[in-house]
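For the record, the sequence lines run as chains Y and C. Just so we're aligned: 473 in numbering that gives the first Met the number 0 is position 474 of the first sequence, and the numbers increase by one with no gaps anywhere. Just so we're aligned: 354 in numbering that gives the first Met the number 0 is position 355 of the second sequence, and the numbers increase by one with no gaps anywhere.
Worth double-checking, as some hints may not be accurate.
To be verified - With a cut-off of at most 25 Å between alpha-carbon atoms, the simulated PhoX-like pairs for lysine-lysine come out as follows: (1) Lys285(Y) with Lys95(Y); (2) Lys240(C) with Lys190(C); (3) Lys95(C) with Lys153(C); (4) Lys482(Y) with Lys482(C); (5) Lys190(Y) with Lys95(Y); (6) Lys190(Y) with Lys153(C).
Derived from the structure by calculation, the hints contain no laboratory data.
Number of protein chains: 2
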Amino acid sequence: MQIQGEMIIGARALRGQQGQLRALDPSTNAELEPAFGLAGAADVERACTLAAQAFDSYRETTLEQRALFLEAVAGAILEIGDALIERAMSETGLPKARLEGERGRTVGQLRLFSNFPRAFSVGGGDTASALAAGCPVVVKAHNAHLGTSELVGKAIQKAVAACGLHEGVFSMLIGEGYEIGHQLVSHAAIKAVGFTGSRQGGLALMRTAAQRAEPIPVYAEMSSINPVFLLPHALAAHGAKIAQGYADSLTMGAGQFCTNPGLVIGLAGELFASFADSAAEALRLKPASTMLTAGIHAAYQSGVTRLAGVDGVTAVAQGQDGGSACGARAAIYTCDAQTFLTTEALEDEIFGPCSLLVRCRDESEMRRVAEHVEGQLTVTVHATADDRALAATLLPALERKAGRILFNGFPTGVEVAHAMVHGGPFPSTSDSRTTSVGASAIDRFLRPVCYQDVPPGLLPASLLDENPLGLSRVVDGTLVVPKA
Amino acid sequence: MQIQGEMIIGARALRGQQGQLRALDPSTNAELEPAFGLAGAADVERACTLAAQAFDSYRETTLEQRALFLEAVAGAILEIGDALIERAMSETGLPKARLEGERGRTVGQLRLFSNFPRAFSVGGGDTASALAAGCPVVVKAHNAHLGTSELVGKAIQKAVAACGLHEGVFSMLIGEGYEIGHQLVSHAAIKAVGFTGSRQGGLALMRTAAQRAEPIPVYAEMSSINPVFLLPHALAAHGAKIAQGYADSLTMGAGQFCTNPGLVIGLAGELFASFADSAAEALRLKPASTMLTAGIHAAYQSGVTRLAGVDGVTAVAQGQDGGSACGARAAIYTCDAQTFLTTEALEDEIFGPCSLLVRCRDESEMRRVAEHVEGQLTVTVHATADDRALAATLLPALERKAGRILFNGFPTGVEVAHAMVHGGPFPSTSDSRTTSVGASAIDRFLRPVCYQDVPPGLLPASLLDENPLGLSRVVDGTLVVPKA
């Protein structure tokens, strides 16, 4: 499939007329062909209006119809074949295996969300969960991977047509980030927003949404440093193994995960010092790896430089240097808890393979650090049975701070699972009541409606007394499960 | 129990020092004793700090402990006895039977939310659902019923002490509305806000919450005119009966319900004219009734005057005049759909017993009205089987506009039931994803947390493999119901 530099507005594919943009290969910073046309206000208007027009017919599709559609999207993405992987490699600098994994995950999410009528099935992803909930979607393509976006967008467009759905069910616009985001979020037809990116970007969308005549929910995933608490018995039992796992997690995918372990907290002393030595040793072997864009790479470099310059912060180790244009050199720094507790900037996320070890004087100072940190997507505890008492005193704070609490693992690797919560208190997300991954992600695009004395002929099938969809339902307060 | 003019901050009851305020009897506008002291910033600080301190111990109470507490609150409210009803009659102008009903509903909500461990039980009310969810509560008392608030607040305070809970679980402050609301919603310890009142008041709280360093959810119930669609076969079959029900619903409680039927839509012609005649006849018999406050009464009067002055709007009938100082005279007006569709002010809620009949040229104009109205708590349809086709074409719009759709009834009377949704798209509420009445109200004060590989000794009881609480749970995507 030839990449045309086009965006998608309903059934049409077209080049925007408001200037143009090329994707870059981050390993060389070379421009990639073709140039992509940028959307103007009229394109935004058209995409949003089509979405509004599609809404009633799309939300009235049966769960089976939606399942078939999501399966068709998954099939169309697979059909693109190697062209998708090759373009994505050029645009992201990520290796083939990782991108094949990403494709598998995307397809898996779509297929798993199609596992209706159980309604709560596994899966995730903003587009997948919105489509599963019965909402048309207008996507703004990321400027770093325009070609990949076009290929996937056209696959979805193809599935919309193949399933005979209203063309407005899916559109994809290309444009400069802030302006088009603002136009989309301001549009009266848009009723909810999903976003993953910087804190600054997320806050801007939240402001726009709050200032509308009709305010709408924004699900923005913004900033998380994912504290990892290392308790002493765990360090004594297998500190070196934890250090290796930490270095692996920190550098995976050039550290470009929202769940990257950016903060490690331990008790000052021999055990934690020995952990730091092992981590340093492991880190020094890590090659530099290409980041997604030159902008992300520059932000990483300046974040590390800033961190290194903070009073009381010292370097522990660096990974290997060199490699491609946007190659990120991993880095670990350390400071004591007093420095951490009194230096606001140390809580800033540095997107990439950089992490800070915080040395606490005692358990009570460790608890203060737990109380002090902002909202997080994840917190991790390494503990053996002998650390149980200390872990129990940390948990109340950790439960207030994070969407996911994990023990004896690392936060990278967000499983698409029923119990997954990928979300957490501000600023990790703008709305801690929801998750962007896992079965419950569908809730972000649903709204309850009560039907009182509505005649059976006008009721949705899910509410009919005879329960034709075979759903488990709460009837007068009692859970009723249909016989198998 | 003697009313002292006090607010409640944790275990203390005290008179605020920032000026004073008296409740008024709306039937005479006479001041009621005693004077109540107003809270200052230090009182807000103290109440919020206590609430934060109470949070961890309170949220860790077992469901049974919370149930006992809610039962204790209900018991303590009943124990106040006639003093509560008498003070409430003086402060609200509402009759005894209505207030006894309100008390029954309050107590019922508390008791039904205490029906754990089924977790999703009936009930509602901002305080009840927040306490049931494990959240400490700081209430701002309504200045119109300060004495009633003190009596109920002290009952809750008593229950907190009787159950051995942290004193910060409940506080109640007294103060001028805007300033203290702003202080409370700005406070870092406050994590969610429930509000019922004016659109202006709700929007102010939403702005304050959005501007915090950490934005928080606001559940504000603001403004709804609750459209009632009268389809022709229903009018032909029993127009006069619907008219009587409408006049009753409109004037119940001096029209002071957020679900009051403020807008009635029919097809212009003999049937709708005859309905209007019957409604006028019924309305003329309705006595004036005392509104809750002089301010509400003045706003009602000026709203009716404004409506009467709109070009194209004509009077249909008025209720009886006279009565008490704050007596509201019911009123029905009418206009054609073109006027309604082109006059924004006709969508403003007039809080009180006033309603507008909108005459549509044809069914398509009726659908345009359905598409045109803002978000609503409720929409009502009167239809017989012969109206089915028209009703079916209205429903897609109505489902997008309202939290509750009801047939062949009236929207006043919000049952505390499992399936109740008392909420709807903006501006009826600030957050259409939730309800303030019914079992699901508890969701407004909960947040999901994922526990990954957390050792059993540190897991909440609800997540233990052996399921000691006997909950129905989704395990690996499959609903598992414990054997009875």
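Quiz item: Can you name, in rising order, the numbers of the hints this structure does not satisfy?
Solution: Violated hints: 2, 5, 6; rest satisfied.
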